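Number of protein chains: 4
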Amino acid sequence: MAVVLGPNRYGKAETRVVRVTRDGEVHHLKDCNVGVSLSGAMEEVHRRGDNAAVLPTDSQKNTVYAFAKKHGIGEIEEFALLLARHFVGSQPTIHHARVAVEEYGWERRGPHSFARSGGEVRTCVVHHDRDGATTVVSGLRDLVLLNSTGSEFHGFAKDEYTTLPPATDRVLATAVTARWRHLLPAGEESRDYAESYRQARRCLLDAFAGTYSLSLQQTLFAMGERVLRERPEICEVRLELPNKHHFLVDLAPFGLDNDNEVYFAADRPYGLIEGTVLHDDATPAGAAWD
Amino acid sequence: MAVVLGPNRYGKAETRVVRVTRDGEVHHLKDCNVGVSLSGAMEEVHRRGDNAAVLPTDSQKNTVYAFAKKHGIGEIEEFALLLARHFVGSQPTIHHARVAVEEYGWERRGPHSFARSGGEVRTCVVHHDRDGATTVVSGLRDLVLLNSTGSEFHGFAKDEYTTLPPATDRVLATAVTARWRHLLPAGEESRDYAESYRQARRCLLDAFAGTYSLSLQQTLFAMGERVLRERPEICEVRLELPNKHHFLVDLAPFGLDNDNEVYFAADRPYGLIEGTVLHDDATPAGAAWD
Amino acid sequence: MAVVLGPNRYGKAETRVVRVTRDGEVHHLKDCNVGVSLSGAMEEVHRRGDNAAVLPTDSQKNTVYAFAKKHGIGEIEEFALLLARHFVGSQPTIHHARVAVEEYGWERRGPHSFARSGGEVRTCVVHHDRDGATTVVSGLRDLVLLNSTGSEFHGFAKDEYTTLPPATDRVLATAVTARWRHLLPAGEESRDYAESYRQARRCLLDAFAGTYSLSLQQTLFAMGERVLRERPEICEVRLELPNKHHFLVDLAPFGLDNDNEVYFAADRPYGLIEGTVLHDDATPAGAAWD
Amino acid sequence: MAVVLGPNRYGKAETRVVRVTRDGEVHHLKDCNVGVSLSGAMEEVHRRGDNAAVLPTDSQKNTVYAFAKKHGIGEIEEFALLLARHFVGSQPTIHHARVAVEEYGWERRGPHSFARSGGEVRTCVVHHDRDGATTVVSGLRDLVLLNSTGSEFHGFAKDEYTTLPPATDRVLATAVTARWRHLLPAGEESRDYAESYRQARRCLLDAFAGTYSLSLQQTLFAMGERVLRERPEICEVRLELPNKHHFLVDLAPFGLDNDNEVYFAADRPYGLIEGTVLHDDATPAGAAWD
Numbered sequence: 001m002a003v004v005l006g007p008n009r010y011g012k013a014e015t016r017v018v019r020v021t022r023d024g025e026v027h028h029l030k031d032c033n034v035g036v037s038l039s040g041a042m043e044e045v046h047r048r049g050d051n052a053a054v055l056p057t058d059s060q061k062n063t064v065y066a067f068a069k070k071h072g073i074g075e076i077e078e079f080a081l082l083l084a085r086h087f088v089g090s091q092p093t094i095h096h097a098r099v100a101v102e103e104y105g106w107e108r109r110g111p112h113s114f115a116r117s118g119g120e121v122r123t124c125v126v127h128h129d130r131d132g133a134t135t136v137v138s139g140l141r142d143l144v145l146l147n148s149t150g151s152e153f154h155g156f157a158k159d160e161y162t163t164l165p166p167a168t169d170r171v172l173a174t175a176v177t178a179r180w181r182h183l184l185p186a187g188e189e190s191r192d193y194a195e196s197y198r199q200a201r202r203c204l205l206d207a208f209a210g211t212y213s214l215s216l217q218q219t220l221f222a223m224g225e226r227v228l229r230e231r232p233e234i235c236e237v238r239l240e241l242p243n244k245h246h247f248l249v250d251l252a253p254f255g256l257d258n259d260n261e262v263y264f265a266a267d268r269p270y271g272l273i274e275g276t277v278l279h280d281d282a283t284p285a286g287a288a289w290d
Numbered sequence: 001m002a003v004v005l006g007p008n009r010y011g012k013a014e015t016r017v018v019r020v021t022r023d024g025e026v027h028h029l030k031d032c033n034v035g036v037s038l039s040g041a042m043e044e045v046h047r048r049g050d051n052a053a054v055l056p057t058d059s060q061k062n063t064v065y066a067f068a069k070k071h072g073i074g075e076i077e078e079f080a081l082l083l084a085r086h087f088v089g090s091q092p093t094i095h096h097a098r099v100a101v102e103e104y105g106w107e108r109r110g111p112h113s114f115a116r117s118g119g120e121v122r123t124c125v126v127h128h129d130r131d132g133a134t135t136v137v138s139g140l141r142d143l144v145l146l147n148s149t150g151s152e153f154h155g156f157a158k159d160e161y162t163t164l165p166p167a168t169d170r171v172l173a174t175a176v177t178a179r180w181r182h183l184l185p186a187g188e189e190s191r192d193y194a195e196s197y198r199q200a201r202r203c204l205l206d207a208f209a210g211t212y213s214l215s216l217q218q219t220l221f222a223m224g225e226r227v228l229r230e231r232p233e234i235c236e237v238r239l240e241l242p243n244k245h246h247f248l249v250d251l252a253p254f255g256l257d258n259d260n261e262v263y264f265a266a267d268r269p270y271g272l273i274e275g276t277v278l279h280d281d282a283t284p285a286g287a288a289w290d
Numbered sequence: 001m002a003v004v005l006g007p008n009r010y011g012k013a014e015t016r017v018v019r020v021t022r023d024g025e026v027h028h029l030k031d032c033n034v035g036v037s038l039s040g041a042m043e044e045v046h047r048r049g050d051n052a053a054v055l056p057t058d059s060q061k062n063t064v065y066a067f068a069k070k071h072g073i074g075e076i077e078e079f080a081l082l083l084a085r086h087f088v089g090s091q092p093t094i095h096h097a098r099v100a101v102e103e104y105g106w107e108r109r110g111p112h113s114f115a116r117s118g119g120e121v122r123t124c125v126v127h128h129d130r131d132g133a134t135t136v137v138s139g140l141r142d143l144v145l146l147n148s149t150g151s152e153f154h155g156f157a158k159d160e161y162t163t164l165p166p167a168t169d170r171v172l173a174t175a176v177t178a179r180w181r182h183l184l185p186a187g188e189e190s191r192d193y194a195e196s197y198r199q200a201r202r203c204l205l206d207a208f209a210g211t212y213s214l215s216l217q218q219t220l221f222a223m224g225e226r227v228l229r230e231r232p233e234i235c236e237v238r239l240e241l242p243n244k245h246h247f248l249v250d251l252a253p254f255g256l257d258n259d260n261e262v263y264f265a266a267d268r269p270y271g272l273i274e275g276t277v278l279h280d281d282a283t284p285a286g287a288a289w290d
Numbered sequence: 001m002a003v004v005l006g007p008n009r010y011g012k013a014e015t016r017v018v019r020v021t022r023d024g025e026v027h028h029l030k031d032c033n034v035g036v037s038l039s040g041a042m043e044e045v046h047r048r049g050d051n052a053a054v055l056p057t058d059s060q061k062n063t064v065y066a067f068a069k070k071h072g073i074g075e076i077e078e079f080a081l082l083l084a085r086h087f088v089g090s091q092p093t094i095h096h097a098r099v100a101v102e103e104y105g106w107e108r109r110g111p112h113s114f115a116r117s118g119g120e121v122r123t124c125v126v127h128h129d130r131d132g133a134t135t136v137v138s139g140l141r142d143l144v145l146l147n148s149t150g151s152e153f154h155g156f157a158k159d160e161y162t163t164l165p166p167a168t169d170r171v172l173a174t175a176v177t178a179r180w181r182h183l184l185p186a187g188e189e190s191r192d193y194a195e196s197y198r199q200a201r202r203c204l205l206d207a208f209a210g211t212y213s214l215s216l217q218q219t220l221f222a223m224g225e226r227v228l229r230e231r232p233e234i235c236e237v238r239l240e241l242p243n244k245h246h247f248l249v250d251l252a253p254f255g256l257d258n259d260n261e262v263y264f265a266a267d268r269p270y271g272l273i274e275g276t277v278l279h280d281d282a283t284p285a286g287a288a289w290d
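Taken in sequence, the protein lines are chains A, B, C and D. Position 12 of the first sequence, counting from 1, maps to 12 under my numbering, and the rest follow consecutively. Position 138 of the second sequence, counting from 1, maps to 138 under my numbering, and the rest follow consecutively. Position 89 of the third sequence, counting from 1, maps to 89 under my numbering, and the rest follow consecutively. Position 141 of the fourth sequence, counting from 1, maps to 141 under my numbering, and the rest follow consecutively.
Each hint should be verified, as a subset may be incorrect.
[To be verified] Calculated Cβ distances over 10 Å to all of chain A for the following chain C residues: (1) R201; (2) D250; (3) R268; (4) G271; (5) G275.
[What the hints assert, rightly or not] Examples of chain B residues toward chain C, derived with CB under 8 Å: (6) E102; (7) F156; (8) K158; (9) E160; (10) Y161; (11) T163; (12) P253.
By construction, these hints were calculated from the structure, which means they are not laboratory data. All of these numbers come straight from a predicted model, not from anything done at the bench. Ideal placement from N, C-alpha and C gives every residue a C-beta, glycine not left out.
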């Protein structure tokens, strides 16, 4: 019985890079957080501390900054692809690269003045293998949505610990984490990622607002399905939807009714609904979700 | 030498209340976090645990919900005033109330569907005394602003620990916490707080974007001054401006120049500039800033 | 091309339960955070909002509390196993349960008085399937360790973006997230989890302190290997070790040397080393790491 | 009506410094977070961006590191005093310095190996004026305490919004933020701050555990009083005690009683009790609490 090394990766996390592009008076801003994870011939470093195969995480950080200068930061998927291909292509000991990028939005307030948008963060995770396998997952997190009606929850299973009354009109609120996998025929990794993001985001928003909901699971499926039906470049959607409970406050002790008007927004515990919606003929995901 | 009780207060913090108002199909949403702090005849409870003077914090929470139902939540300053007057007016042992409200913004996505705005949070703190003294401070926090040029920093004092080179073109970024005190002639606490907030916020944004800055202190003063000059209902502005440093990355080792294009957005340490701008004849602040 | 439902689960996250056991004057305290995730016959709820198969997350929360009363909370692995078996065993539509528990430590300060330990959190994740497959992963997170010497980093790969100088004496610091999978012969899920945890934790601490480190990967492997060599009940260890960089401050401009005495503790970016160490004949992990 | 500059200060916040002292094989560690705030002749920089009076915050950071080397970091109060005197003494435009230090504890695990203690953080805030006025406030935060019995709450005031039943046996839990002001006869700022801290902390812990509590206010007063009675070098104590509510779970629907055994640890809202306990002849606090 021997002790062996299993799956492993290493890299530089959370390199915060802000790229300014000057177009005369008018500046443009890209504000990103980049995480690199590399794997490959790493037996020796784990076993004996021999670093010959290890490109320092410091060099990875430097590469992020140098690439931001040389190539600019276009869509985050493109920037991640550039970086992933670079690490695998230039270091023989690196067989696989995972690059994750988050982008923070800014609103223009003047030719070179900006206010951070707050709200959701755009995300992507790219994998690239020396065998050429490439996956691109785009997404967003922290998109907080709420419907103040049009949501019910009843007809559920009951056991001896069930006390929840059925609800025929409730608030439905969630903080969306959504990730969607791009259909990527070999050699066709390039596409209009900006437009794809805008449209996928719109699908999520529209499906949440437009679904008369009998359960958060139903809403989740509707959100994923909407993306898949409208965006042929996307083959799989994964959603994590915490149920941000809004409990109706009992005002009866004060002689007041509460006809779905006053809610307590609770923190913990919360329901958590996680699900995948995909095309039945979606290509295998490979490392896409790792 | 005796041990005595000094300044003290107690209350319920962070009561999260969401108020829905139905206008037929169209719903309106107010999402707030309310903190109540009361003080008064509290010697006995501290000395002997005699709670006769203590209105439970649980009752304070209930009051927030009941008032949200009975009065709705209009502008947060008005809601805070209602609550503060109620506690002082109804409990003889309560001599002073401080009510703080934060409001989270939502954007409409449908007749009863919303997406949380993210970004800054609107705030207020109201004090009300049984002698009738009332103060109202409005404000915001977490408004993140950045100018990608139009900022210098040089000509500063130097000592033996100074290594900072002068900067003639730098990124200036901050996360604004601003609070402004309303001029409140007795009995005139009511005003258009919504419009006042919108305009004060605009002044802050415009002054930040429009000030060619030789130091963050100068920008701070300009922001406060702009509010005071344009808004006669406001007599004092307090600002906390962390200097969110954006350091130019040294790309020379890679044969690249960096003409103010690629920045590292640092977390810690950070400069912190705090200042007050006020009218020379501003009425005394009383408890306003406590 | 049809849209189908892929992997999914739902449940109640972060049920905070505190269990007091009274032994006369002396009280005992267990403070936990429980997350339940169930999966099974969930096609209908996603497709049509038919909740007949859905045991409400509210009932799951109630079950956590009722079980804390009925069975007490012994070792968190045992409590998680009880819950997981209950959900799968009592609801025909639930085919699989994942129960995660975090435990917060408290130090005794009196017969019924306690101070929270702070520092690391003990964790476990249990999976149970209606086919009888059961996995138990124990662990901890937020264990922050530092060696002020006995760490080097050199001999690494270099590319055009490498500027890092070799280090022959550096601070090595990390915040350990460790999880270890128990070898569980069918029907033998019960063991002394308390002692197993104490010993696994000791192995991690000892290996970190006792390894002269040429790279954080080497330290990671040594930590995992130590657990496996000393604890036959454990067959796989997964570690996530952020490299909490401590940079030597350049004091030369002030006429001072800095012989590894004064460090800047950086936040971001940071190296992140993730790895698995396991027995070559470890049983398949199944759902253990999901 | 002119616009004038009111109270202001500026400085470098959150300089993270780790100081290693080598005693042969055995190393010692001090891990601190230092915040500097300076004020003085700052009219010009606010009005016109003239930085002649402004010692850069970068120089302040450098000073922290250089002083850590030159003087070591003894007790944090001493380190803060050194820094505060330095800034006021060396820069004619700086009339007042406030230095705040937090210290993170580490437990020894080997001659040069450490594990971070977690739990509470030791704090201090020092003010020094060019007139010689000096104040020292020591303290701690995030000390989480819980009594599982020995706490009641009843006999409180009631109004129309009061529904809380009286409690004769409840859990009392809080996260202590405590700050205490030292009695500092001129020129006698030096004392055994380590021992003073240990003893003050012990007083807080003992008083919390040892007070049969009829209200959190009573416990607060007892904690402050204990410090004052046992520590003649301390003249004022300020405490912020959030009431971390532990609500008894209603298990009756499941046919179970709950005799103070199973609690839900709630997050928000929470009671917040703030109070000051001081000697009636305490010297004026000056800027101590700013």
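Outcome of the hint check:
1. R201: Consistent with the label, C:R201 stays out of reach of chain A, its closest Cβ about 19 Å off (over 10 Å).
2. D250: 16 Å, holds
3. R268: Non-interface label fails for C:R268: nearest chain A Cβ at 4 Å, not farther than 10 Å.
4. G271: Incorrect as stated: the minimum Cβ-Cβ distance to chain A is 4 Å, not above 10 Å.
5. G275: 4 Å, violated
6. E102: With Cβ-Cβ at 23 Å, over 8 Å, it is violated.
7. F156: 16 Å, violated
8. K158: Violated, because the Cβ-Cβ distance from B:K158 to chain C comes to roughly 12 Å (cut-off 8 Å).
9. E160: 7 Å, holds
10. Y161: 6 Å, holds
11. T163: It holds, given that the least Cβ distance between B:T163 and chain C is near 5 Å, below 8 Å.
12. P253: With Cβ-Cβ at 5 Å, under 8 Å, it holds.
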